[in-house]
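Each of the two chains sits in its own frame; use the hints to bring them together as a complex.
Protein chains in written order, with this note's numbering: chain A, 34 to 146; chain B, 3 to 884.
Treat the hints as calculated values from the structure; they're not laboratory data. C-beta atoms are modelled at their ideal positions from N, C-alpha and C, and glycine is treated no differently. Hints may be right or wrong, so weigh each one.
[Claimed, not checked] Now the in silico label distances, taken between C-beta atoms and shown as ranges:
no. : chain 1 : residue 1 : chain 2 : residue 2 : range
1   : B       : 91        : A       : 72        : 24 to 34 Å
2   : B       : 429       : A       : 89        : 32 to 42 Å
3   : B       : 457       : A       : 127       : 51 to 61 Å
4   : A       : 108       : B       : 421       : 56 to 66 Å
5   : A       : 72        : B       : 269       : 50 to 60 Å
6   : B       : 393       : A       : 69        : 39 to 49 Å
7   : A       : 89        : B       : 807       : 53 to 63 Å
8   : A       : 72        : B       : 236       : 36 to 46 Å
9   : A       : 89        : B       : 424       : 42 to 52 Å
10  : B       : 421       : A       : 72        : 39 to 49 Å
11  : B       : 56        : A       : 133       : 27 to 37 Å
12  : B       : 393       : A       : 120       : 23 to 33 Å
13  : B       : 22        : A       : 72        : 51 to 61 Å
Each chain, letter by letter, is given below.
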Amino acid sequence: MPKSDHLSDFELYVMLAVAALGADAYGVTIATRIDERTGRNVSIGAVYATLGRLADKGFVSFTLSDPVPIRGGRTRKLVSLTPAGARALARTTESLRNMLAGVRLRPATGKPR
Amino acid sequence: MSRRAPRIATYLIGIATPPSDRPWLLDDLDEMYAREIEAHGVTRANLWCASQVARSILPLLARRGRANTMQPESKRSREYLSGVLYDLRHAFRRLVREPAFTLATVLTLALGIGGNIAVFSVVEAVLLRPLPYPTADRLVIINHRDTRTGITKEFVPTADYLEMVARQRVFDRIGAYGSSSATVFGIGDPYRARGFFATSGALDALGLRTALGRSFVASDDSRDGPPIVILGYEYWRDRLGSDPRVLGRSIKVDQTQRTIVGVAPRGFAFRSNELPELIMPMTFPPQAATRRNGFTFVVARLHAGRTLADAASDLARMSRELESEFPESNRSASYWATSLRDALVGNTKPALILLLAAVGVVLLIACVNVANLLLARSLARRREMALRAALGAGRARVAAHHLAESFLLAALGGTAGLIIAIWGSKALVAMIPRSVEAPGLNDVHINALVVVFALALTALTTIAFALVAMVATRPDRAAAMLVGGGRTSASGSVRRTASGLVVAEVALAIVLLAGAALILRSFSSLLSVDPGFKYDRVMTITISAPADRYRDTLARIGYYAGVESALRAVPGVEQIGHAAVVPLTGNNWTVPFERVDQRVPPGERPPEVGWQLASGGFFKALGIPLLAGRVFDQRDRMNTPRVAIVSAALAKRYSPDGSAIGKQVVLGQSAAEIVGIVGDIRRAGLRDEPRPDMYFPFEQALPLQTTLFVRTAGDPSRQLGLLQAAIKSLDPQTVFLESQSLAEVAAESVRTTKLVLWLLGIFAGTALLLAGLGIYGVMSYVVRQRTREIGTRVALGATRGDILWLIMRQGAVIAFTGAAIGVAVGVIATRSLTSILYNVAPSDPISIGGATLVLIAAVLLACYMPARRAAAVDPVRTLAEQ
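Chain B extracted, bound-state conformation (with noise of 0.2 Å):
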């Protein structure tokens, strides 16, 4: 008995051959498959059944899929070609002989699928890419708010982590990391590296996996152990030349011989994208001296199965423990917890994810667009496709023929958005702020989801283009068209449908520009804020002295003194000052205050305001105005009586009706006497209100880091290298921790509002262009449509006004239309904007009226265009041409 050939394989070809061949075809298989197992065998069969398979259905579907066709080609161009590959080399013929439209086309659609590319490979590495530790997702960092005066900190104070350690029953694991630099000594030259510190819950919570040796156990957190180094990866493969026999070996780390007892995996970070050279215990004195006394971060993993909820209400059940227990330390002091992957990535979420909607409506317009061109093109094809259907093509033939050029319209501009996405990510990438630690960011690239999210808009463009094509042309009219020599009422809705889409684009440009105009408006306004001193003309150099050369009060103070000679005889400086705090980076360090005469009741616990370490000259050097009092000076010395400056707003608060000046606040367990009132300044950010702020002299402290602030006569960054010649001179061994002009500091603050607003203004441009272009296009096709009529009319004695009214009156209604849905739709969907904002609403009348009128005017002036050249139309020539 003959064997048949397996099932799959007759199915196959079953539906590929014509009917008319199948059960012929299919027992010839059959008999072919027979003698192929008695020559062969069967396996040798299978195979050949399965060559047989992938060789027979793209000759018979070609064969199939022209079987009841008409078949404009050469015969002999679609031999073996399938009916797939025919309609593609078809449409590609086509676009190759009108290239205007396939450039305007493919042009259009690379603008709109490049810049989602663009955005949504930094949303991809930003906000989508699985964090680098396992169970990323359970990760949490702990916050620390003063419910009183709502400042926000993320790190939390010792005292308190170390209850919380204790207490909390969600984590199972929890720790406290910093970092800080710290010199090597032993392995070349002294070397200044990046330190990460961390206790053993810490890196548990991290997941963190040694290269070499191991990592931290629960016994390396006490004081009392040997003192350890984790190295960096990269740190012992490029300095020690991944020399595996470093385990055991001692180096000297800043004051303490460390041994190295492993080495941390390839690429390890945490909350920065440098990676950390050394990685040390954290340890914590067994007592601390007051219980808010050193700060440490927190990060924490959660147990599987609970929830960032659980974490927040145990938190909140701790710190209501916490603030019965110890009210003079933890009154109002709230502890919350956010994902690691918000606390990375900041206020850049939103940022993103607004500009991916925005990108997106963009496309939605360039696909709008494309449509209508389609649209029009289509008419000059109704009668093809008319004669198509007449001759017997089927819908689903002239479905693959619309979809073959829809693909490949897709697939051009699609390959072109790409190309324009690898530009576009770099230049969006430098645009993003450098808080935002997101480690993607350091390798934001087109891979494979990115492509995939390419192919997948590729797709739904394609699909899209084939859908309007073939309503546009539908072939059941047919008969209509093929009678009414192209001119009947069918014409009426292809135009009807390309003023619905303009209206649509309108309508999208305006949500657009009126969201870059609101942008803008909160740009600007930011940019004008006071915030209380001045930042041009000022360099920041922020130095590390070497720790063993000025251990004591008289070196420091000679080795600072040095500094300031040696900076004031470069050329141009005008002031120099020396601070702790850099402003407008963020940063919210406090104090409590407390008046001597004025004691909190005892249970209580006084509000904190700003801390800040200032000398004199920093004052000066950034112009805060001086309302009262003295700044530091020479009277400020380490062993004078203690002072400090307050800012005007505290000392409204301290004494509402007379002057701060020599009231005594309380400083530890002694006080400090008042000698100066300030002006206010947005010491954390340009978004920040001012709030009350405590200066305490550089003099009475003299740490060994600080940052100097340098007023000079001209563009600050050009001085650089004078000034820390300068320094190097006093004494080579300074280090050079960060040198930043206070504009570039500025500058940094409102990068996101930058980037927001340079991308939204590229999107709202590119929106405007193209719903120009779009009723553009759409009037000039009536303007075609009507020529007839509107010869007939000035042959009547229409008027030119008359003409140019007739036409500019029916792109008004599409304007109109346009701008009534957007403003409606641009005042709900602004409010996503609310996060980004300053100093504007969402629905301010002045952005989306301004908006509205702009895009009505660009519409107008695209329609004014086609409409003069319907006034110039010549009835006798028209009239004559029928």
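So that you can see chain A by itself, here it is in the shape it has in the complex (with noise of 0.2 Å):
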């Protein structure tokens, strides 16, 4: 495996927000989404960052949105994930399911010190 597809732990969990937020995904649902899941407390700057960096390794590609059907409403930079970036999602996925697999994750009781 080439060294440019290992993922950070937190481009990872900017690529599946991504994956998971589909047509949706962009810089302001991506945050949010890691926010709430992980209890990070994302910077809008890390996630555009982040996602500079997954578009430089081909991971992710953006394409502009409609203006949204408000007055004075915007277009968005939408995110979506490129095959490759789907690849690398499913490797690194698998491989740490695998590494899950058999770990006890809950921390072994002893008796207090």
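What follows is the structure, encoded as structure tokens:
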């Protein structure tokens, strides 16, 4: 596996969020989803910086939405996974799942010191 | 309608975001901000927004900084590293990979920066730190000069002081002060306390705010008022347990019951680094016996807005008025004012400023050296830099890279320098003469101002290095570099830059060396000066006899006779003498000199000559030669006719043709007969020319306080314990005020010169070393660059000598150019030394010439090593390598 395929945990979160959000994935929704699910207070800048890097690796691509149908509505920079991104995501989650198998995540009980 | 995020947040994030993302990111920010407002209100939303800015900028910058740069490091390591951090980490790794380069650079810088911080920390404490008195910048000390003899004193005749108080127009407060020790009875055992005497005007001028009770008021300046005392804070705390009920209590100080009226503020002291324990009113008799009886020190505070020049002209006016009104006492007496700071610091100020300049030059040389090292190394990196540029790294990017590396070097050097400075400033303080009374000297440390100074130095060096590195690896030469395989005309420009730097280094080093040589010559001529007496093997012990037990003359005669015989019993004691003035301590006490048979005309004032009270033993103990007549002996008693001894210079002035022996001089209302003529001595200091002196017999005055001069067979310091014990055995209540060998006194008097000599010597040595290393580095580089050429020359028949000459010639050009500039600058720069030099002209050709020769020799030696390497080049191997 080429080195550049490796995903950091935050990159993984962003990719997973993009995958989950589908056609509604853009900065705000990605940040909110990671925030809600992981409790990590995500900055919009970090999301954009990460998306930029993922785009460099060819894992995500951008399209501009039609203007939102409200007064002063704006366009959004929508994110979607590229086939390569989807493969990388599948590989990473697969490895993760394999690694998790058989791991007892609950901390071992013992006498408090 | 949706609310937009605060503009400052949008602006900050906006500049950090790559343009391609900017509108979308900002819109998203607005959207999230609006949601935050809805959910949590404006305040929370603004907090959220601030945190967004804080956490967005670094990742965005990191991304942006790398968007168009070559990225040699693993991508993983770059994550979340901002551009700055990335550069620093990169630079750090490079430095770790080149430990020799790093160590050389950091040590060089540490020496330069450390020396600067150390000297600056002393300069800060002595010259810059505010004096601990409110409105200290308006405080002045009144000085007095006899314009005929040039003798200058800080003290003022009491009568003139009282006139000044009445006549002056520029001071809002003026007062008299002085210090002396006093014995306190009634608080534990009798205790010899440090006393400070002052008028209410002096305490007001100093802005004394008592910690407890009151300060002095005008009515305390009168002799009629009840005796009072203010306790020093530390004395009150340590001896009286900070008892707040001391006010109103009465203590006996010497023979007087005094009421405690106040406690001074913590740390209060004036004209001494030792805190006074008792502060007592200074009072004057309503009518002095004569206008030249009694002396005092005077401090005054200028009216707000008045300057030292105003004070000078007002004092000059008063001097003229007094001179015309009281010609007998005030003829040629002139008063002027010095700022308190100058009075406290004395001649250490020019010395310190000089040292700061010198150590600045050392740093400059250190920087030049480091710049050279960077330059040499940058050659190896030209290809890398060219590649970076070719791949699209902008100038800003490359600059940031160099800045990071320079910063790391400077920061490491600065940190190591700080450690050197902490040690160095302590050593420096120990070398400062005790006569420097600056309060800050008790507390020299690396404080905020010093740290700011250190940071500024570090920042300056950082920028300087980055500039050098950037010039040396200008990306606009990229194409030439890549095509030329790294060995193009560009390397010539680097060599020229490096040579120029070394020329500067040689010039600066010569200036420092010349300065050090001048000081060395002054110092040796100071030490070889004949003071007119011998100061080796003499111990001085200043004692004070308890006043209440030796009130009458007989008791004192008995006491001093006893002291003398007790001291004679100590093994090794050869001579014993008494005197009031310890030579070489700057003491300038004078007395008017007037012949009985040649009275000065009415309205004239006789000239002042040096005054000393001495026993016959004093001349023997100090080896002052007796030229005619006799020294004082048993014939001179309280009840015998007054006698005096004059120095050779005075005898010559008295009667250029015949002997002065047997002539009479005016002594107050009576006369004294001159019984002896002794050799001239340099009394005030080694730098002073011998002045006319007049000696009066100790036995005809018998003061309670005296200094014993004991000549011993061996090292007098070893005998000190025995000597003191002998005196104590006679009367255990005898107080020892000061004990010092005369050699120590002499050393103390040349201490400023010695301090400057040491430091300038160290700085000059460092400069010499660095200049040598600098030229060695450049010549080594030259030899490397020309190896192929040299190989060719050898192959074509050049001899070893030819090659040696080829390289040495290049070094010699650098050395001589630097020397020429250095001598030119040195001749001007050494003028700043004038006030410190003794018996040597600032442009002394031996010093400047010697410094130049030493430096040229060192530089040529540094060239010789690479030149020899060049001469040993094997043409077969070098040419085969190509």
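Outcome of the hint check:
no. : hint                         : result
1   : B/91 with A/72: 24 to 34 Å   : 30 Å, holds
2   : B/429 with A/89: 32 to 42 Å  : 58 Å, violated
3   : B/457 with A/127: 51 to 61 Å : 53 Å, holds
4   : A/108 with B/421: 56 to 66 Å : 59 Å, holds
5   : A/72 with B/269: 50 to 60 Å  : 56 Å, holds
6   : B/393 with A/69: 39 to 49 Å  : 42 Å, holds
7   : A/89 with B/807: 53 to 63 Å  : 59 Å, holds
8   : A/72 with B/236: 36 to 46 Å  : 59 Å, violated
9   : A/89 with B/424: 42 to 52 Å  : 49 Å, holds
10  : B/421 with A/72: 39 to 49 Å  : 45 Å, holds
11  : B/56 with A/133: 27 to 37 Å  : 34 Å, holds
12  : B/393 with A/120: 23 to 33 Å : 30 Å, holds
13  : B/22 with A/72: 51 to 61 Å   : 31 Å, violated
Consistency with the previously given hints fails for numbers 2, 8, 13, ordered from lowest to highest.
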